[in-house]
Amino acid sequence: MPRILLKDIVKKYGKVIAADIPYLEIKDGEFFGLLGPSGSGKTTTLRIIAGLTKPDKGRVYIGDEDITDVPPEKRNLGMVFQSWALFPHLTVFENIAFGLRLRKLPEEEIRKRVKWAAELLQISELLNRYPHQLSGGQQQRVAVARAIVLYPRALLFDEPLSNLDAKLREQVRFELRKLQKELKITSVYVTHDQAEAFAICDRIAIINKGKIQQIGTPEEIYNRPETVFVAEFIGITRFIKGKVEDIVDESKGIVRVLAEDGLELYSWANLDKVKKGSKVVVAVRPDFISLASKESKERNVFKAKVELATYEGDVMDYEIRIGQWRLRFKTPPMYKFQPGQEIYVKLHEDKLIAIKE
Amino acid sequence: MYGERRQRIWDLAVIGIVLVYILLPMVVLVEYAFAQKWYAYQLFPSEWGFKWFSWVFKHADTRMAFFYSYTLAPLVMLATLGLSIPAGYVLGTRRNKLSIFTENLVNMNMALPVIVIGIGLLPLYTRLGLLGNYWALIPAHMIGAIPYTLRSVTAAFMQVPRDLEEAARVLGATRLQVIRKVYIPMTWRGILAGGIFAFSWSLNEFILTLLLGAPAVKTLPIAIYEYVGGYYLTPQPAAALSLFILIPSIVIALFFEKYLQVSLGLGGG
Amino acid sequence: MRITREDLISIIFLLPLYIFIIIMVFIPIINVILGSFGISIFGEQVNATFTLAGYKEFLAPESPYLYSLFFTIYVSLIATIISVLAGYLFAVYLTVKKPPIWSKISTVMTIPLFTPYIVGAFMWWTLLWPRGYLSLLINGLLMKLGIIHEPIPLVNDPYGIGILFGEVWIRFVIAVAIFYGPLQMINPELIDAARSLGAGTWTIIRKIFIPLTKYALIATSAIILLATMAGVSIPLILGGSWPQFLNVMIYLDVTTRFNYLMAYTSGVFYIIASATLGYLFFRFTTRKVVLQTR
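Residue numbers (the working numbering), protein chains in the order written: chain L, 579 to 935; chain E, 453 to 721; chain R, 2 to 295.
Think of the hints as simulated: they come from the structure by calculation, not from any bench.
Please read these numbers as outputs of a predicted model, since none were measured by experiment.
Careful: at least some of the hints might be erroneous.
Across the chosen pairs, the derived CB separations fall in these ranges [said to hold, decoys possible]: (1) Gly813/L x Gln611/E: 43 to 51 Å; (2) Ser713/L x Arg632/E: 17 to 25 Å; (3) Pro637/E x Leu9/R: 25 to 33 Å; (4) Ile590/E x Phe71/R: 51 to 59 Å; (5) Ile106/R x Leu761/L: 30 to 38 Å; (6) Glu63/R x Arg579/E: 31 to 39 Å; (7) Tyr889/L x Lys549/E: 53 to 61 Å; (8) Lys98/R x Leu476/E: 22 to 30 Å; (9) Leu616/E x Tyr160/R: 21 to 29 Å; (10) Ile590/E x Gly182/R: 31 to 39 Å; (11) Tyr160/R x Gln611/E: 45 to 53 Å; (12) Leu616/E x Lys929/L: 55 to 63 Å; (13) Trp203/R x Asp771/L: 32 to 40 Å; (14) His511/E x Met144/R: 33 to 41 Å.
Built from N, CA and C at the ideal position, the CB exists for glycine as well.
Looking at chain L on its own, in the form it has when it is part of the complex:
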């Protein structure tokens, strides 16, 4: 299965930049995610790959072939749509066979391939039904079967799970990933749901306002966000604003940050970008914080005041305040602090991320 390559892609709608991608390579056999808020340009990017949207500038390659000017019907890419886009007047069988019939394959071959795809997606018993007789989950499977039955060069997914209920969505994620690994088809997956992208994709590109903010594995994206946008978009993130006073540990990348209200804290930073004296924001997530004892003399231990406490069953969710900074913090439910109570917490310096503003 070939790679997909986008080069110098620009697409504008009026003055709004829908996509501005100098270079993006999706590797052979990879499950690649395009993650971003709605209107970020992720769907535009996918449609440019599919050929459904023409870029104003730039080239699109599959393998070594330049497909920029190839119409979508000749690209042989499988696509799964948000609404699944099943043809309402055709049975499940005819929906899956639609592309095969257009290619004028012999009837026997069509039957064989539809059977193969239907078995793979466990919809063999639904072949004679019409789309409106199927549940959402079943329709989604038919849409995937219809896309893979053509042995496409790549699979494109446009938020295919957003119309499913939450429980089913989680189950389907794993199935999709399994299927993709089995078929080894290069796949691109568009979603605005971080958990979905993390569960399914090998690598993810975070997109905002048409531009790629960061590309990396889910771990890299979560642990080492490169921009404020990525840090904010992924997980529950709060920020402490300040200035780098000192570089404390060159090899581990630890810096000392003086916050705007005088709070002094230690944080990890990418030293290629953050220098002494840089204005930074320090990203803090609930899992970067742990409880500490009052007597602790360690670095980054602060007195905090509980402002809000929410019981969520498996965890307690707190909003706490350190100086002027409000942070989110979670504990197992056996700890129960009341609003107004004072506690001591430690911010883990190797997890905190100081990002240049």
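Position chains E and R against the provided structure of chain L, taking the given hints into account.
Just chains E and R now, kept in the frame of chain L:
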């Protein structure tokens, strides 16, 4: 990029052809109306002016046609509304079997050719001595207008939430107050649209006026027909006359689209 | 059964409408039907004895009425096919390509919808009569190509060419207006899906659009055919002296020939035609016009 621009050119070509097709007859109509001198061997008129418009007004026949057309239209509008508002109130607020039946009945009338109704009415009008009677043309014009007007009025009443009337009544409003405070503010657009529709319909009505009114009562469409129907070879006065019903029709329709957000179609048989 | 106050209000409010329909529609229709058998409610025009003479004359071989009926159906069918086909394709074009300039000029397209038929017919007459631009252009072209040797009449002609021009102008726009709505209701991702599966534009029209809008197509064709057959103004102004539309025959029968029996008989054929086509229309518009999943 390149493909995009080619697409735009295609769009312009396709839509341009359709536009020319739609507008060409109208442009030529205007040309005829303003052509003061036009010799048979010339492609275009040699002199432009308002001669035919004043010609139209000089004739007693056409002057009367103006009078008939533009007095009948508001009368038809009022009469149609008088019939449609109570009926539309019932059809719009009570969705029972009677309402559905009535709607289907009215819709069925729409499918009947006007000429057939016209020849059926002819003996009735003859017997009652109403042929060529100005007032008797009002119900004739209403036949075609009622289905559309009634539909518009019914739709307006349907939009009034049922519980709003009940709430107002519970709060102690009288029937009259309910009508003034609840129904009129919420339905006037639909009623106005329906009324104006009846107005335009009457302005355009042709075949029933021809059968039941002419020659005693000639409206503008009849006057136009008399100029062209008899293979009259100077179409200029007919063109000038046509503008007097075409332009109001267009203005009314634009008004509809813009302010009432209703689009309509009518032709008048 | 007890009549409630509410029922009473309904009846009182609907009564004028019913009286109007009975006097202005039902009585005339009954009069036409009975009149075609020679029975007259109002006396005068027809002998008051039952007769089938009207139908015999109508259906006789070489009957001008039968010929007119066929001419009416023939010309109306051609006009319907042209307008439905062109209107459908144009509506599909607008749906698929979504040309940005369309929103600015779509109002212009509605002009024929509210042009009085008599004016619309006359406008085309000015283009098609021997001195009309279109007539000069088409005849000039055909003569240059050597297909004809002298100008052919394009209006008031025996082939119904003039009627076709006038009818198509109005019906085309009606067809676009009717088709545009149902086509917009088709999930645009269906088109994208079909394309990604390898379907070109024609395949999409054939395999997606037409099956999904077939009821709208049938209903629209029925209503347009009915309107074309029934409209008097256009054949009256653009038609020739012979053959004529059946409704023009009816008009001439009552105004110049005073042959009420034949006018009523022809009227019955119109009632039958409109009942059939009206049934088709209502049957398919009450059905789901567009199937959709979502």
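Hints versus structure:
1. In this structure, Gly813/L and Gln611/E meet the distance hint of 43 to 51 Å, their C-beta atoms being roughly 47 Å apart.
2. Taking the beta carbon of each, Ser713/L and Arg632/E are about 51 Å apart, not inside 17 to 25 Å as hinted.
3. Under the hint 25 to 33 Å, the C-beta atoms of Pro637/E and Leu9/R, about 27 Å apart, fit the expected range.
4. At roughly 38 Å, the beta carbons of Ile590/E and Phe71/R sit outside the given window of 51 to 59 Å.
5. Against the hinted window of 30 to 38 Å, the Cβ-Cβ separation of Ile106/R and Leu761/L comes to about 49 Å, which falls outside the hint.
6. A hinted range of 31 to 39 Å for the beta carbons of Glu63/R and Arg579/E is consistent with their spacing of about 35 Å.
7. A hinted range of 53 to 61 Å for the beta carbons of Tyr889/L and Lys549/E is consistent with their spacing of about 56 Å.
8. The supplied range of 22 to 30 Å is met by Lys98/R and Leu476/E, whose beta-carbon atoms lie about 24 Å from each other.
9. In this structure the hint that Leu616/E and Tyr160/R lie 21 to 29 Å apart at CB is violated, the actual value being about 59 Å.
10. Taken as a hint, the range 31 to 39 Å holds for the pair Ile590/E and Gly182/R, whose Cβ atoms sit roughly 34 Å apart.
11. In this structure, Tyr160/R and Gln611/E meet the distance hint of 45 to 53 Å, their C-beta atoms being roughly 49 Å apart.
12. Between Leu616/E and Lys929/L, the C-beta spacing of about 58 Å keeps the proposed range 55 to 63 Å intact.
13. The given range of 32 to 40 Å is respected by Trp203/R and Asp771/L, whose C-beta atoms sit roughly 38 Å from each other.
14. Taking the beta carbon of each, His511/E and Met144/R are about 40 Å apart, inside 33 to 41 Å as hinted.
When the structure is compared with the earlier hints, violations turn up for hints 2, 4, 5, 9 and for no others.
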